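*Asks:* Residue-level listing of the chains:
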Amino acid sequence: MLKRFWLLLLIVGLVLASCNVDPATPAPPGTSVPGPGVLKVAFLDVGQGDSILIQAPNGKIMLIDGGRTTDLAQRLILPQIKAWGANQVDVLVVTHPDADHISGLVGVLESFPVKLVALTGDQHATQIYERLLTNIRDKNIEALKVRTGTPVPFDPAVKLEVLGPDDASVNQDNTNDGSIVIKLTYGQTSFLLTGDAEFAENLSMLRRGADVRSTVLKLGHHGSSSSTDENWLRAVQPQLGIISAGADNPYGHPHREVIRALDNLGVPYIRTDEHGTVTVTSDGTQLRVTSQR
Amino acid sequence: MSNSNKPAVSSSQPAGKRGVIDQFEDELATIVFDDNEQLVVARQTLPANARVGDVVTVRVPNTGAADVAARAFSAGPAPAPSVEVEADDTAASQKRVRDLLDDIFKR
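As given, the protein sequences belong to chains A and B, one line each in that order. In terms of the numbering used here, the first sequence opens at residue 1 and continues consecutively. In terms of the numbering used here, the second sequence opens at residue 1 and continues consecutively.
Quick caveat, the hints were computed from the structure, so don't treat them as lab data. The structure displayed is predicted, hence computed values, not measured ones. Each hint should be verified, as a subset may be incorrect.
Heads up, simulated EDC-like pairs for lysine to aspartate or glutamate below, C-alpha to C-alpha not over 20 Å straight-line [to be verified]: (1) B:95 / A:273; (2) A:145 / B:99; (3) A:145 / B:35.
Computed footprint of chain A on chain B, listed as stretches where at least three residues anywhere in the stretch have a Cβ under 8 Å from a Cβ of chain A [as the list claims (entries may be wrong)]: (4) 16-28; (5) 35-43.
Glycine is no exception: its CB is placed at the ideal position from the N, C-alpha and C atoms.
The following block holds chain A by itself, in its conformation from the complex (with noise of 0.2 Å):
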């Protein structure tokens, strides 16, 4: 136990010298004040799929995706709810209808309390997706249909911008494109949540004049190659990069041309495949990072 405990210590340890995540370059001109608490992201260790876990300084709790099974909910996101002292999903956010991004969400609804559920209203005909709408029906839980720009209640303390989708992109054949994007800012730190939003969509926000500028990009689309290219790095200018993957999924991810593009900008990054999950807490002006292993 106790060797387990040190080489514990000595993976943070390694993963808080390679991020490099004090961010001493220019914030993003966030507006956000931050109060005496920390904001923590965890990016969960779901597997090929998406979930990530946000506790406000508040304490409030907003889970953003929820992997690709049902039991991912009791074996992996409500434990770590309840780890956080939390004892409700204050908002439930689908970022778009992909069984790999809601199987885990139907989960939480079918078992725990959730207040608000923040979804584009796609018409994916999926039955777990069926059942994740009749979840909320039968609830009676609040629905908030959201594209860019739609108000989001959370924590005045960080400031919550839906970046994406647009109108147009929702009911696309293509539904990675109409996946609700979310910016936090906390202080001078910030994190890009990207679903799975790949160029299209990209370039939908930077044609708005979004300021997509973040300290900390979660990767579109599990590292794809149809989500990452240095242009759009460029345009984030992340000081931490993650990619939420499976070990050996089919689709290849995270794509070797994305891993390029991050090495060549010299952006750090993190895996949930290779560390686990992936715990980022910010105080508003710096960020710590910590990884299951």
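With the hints as your guide, set chain B onto chain A.
*Replies:* Chain B in isolation, oriented as in the chain A frame:
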């Protein structure tokens, strides 16, 4: 009400399993079955007009419905099954989803 929970069987075809095309990724397509098992197949396996959201029946020669399910995501791409789009079930499923969305956003 669709018969989406019943395996599609005909006298001349092997048993099949009902699912929905969940997403395309380059040359791969992910099909999610009604029990949430997932199957990744080559996109060219699908009919040319197949779209994300279409209800499909997947059949593998000499394979029963349960075995189709066993060829799930974790096993990687399966050898070419036949995939047939079920237009009526697709329309019924899309209507159910539209109705649900109307319900939750109207409140």
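*Asks:* Are at least 3 residues of the region 16-28 of chain B within less than 8 Å of chain A when you compare beta carbons?
*Replies:* holds (count 7)
*Asks:* Quickly compare the C-alpha distance for residue 145 (chain A) and residue 99 (chain B) to 20 Å and report which way the hint goes.
*Replies:* 15 Å, holds
*Asks:* Quick one: see if chain A covers the region 35-43 of chain B, three-plus residues with Cβ-Cβ under 8 Å.
*Replies:* With 3 residues closer than 8 Å to chain A, the region 35-43 of chain B meets the three-residue bar; holds.
*Asks:* Given the hinted pair residue 145 (chain A) and residue 35 (chain B), is their alpha-carbon gap at most 20 Å?
*Replies:* 27 Å, violated
*Asks:* Take the C-alpha atoms of residue 95 (chain B) and residue 273 (chain A), compute the straight-line distance between them, and say whether it is at most 20 Å.
*Replies:* With Cα atoms ~38 Å apart, residue 95 (chain B) and residue 273 (chain A) exceed 20 Å; violated.
Checked against the numbered hints above, the structure breaks hints 1, 3 and satisfies the rest.
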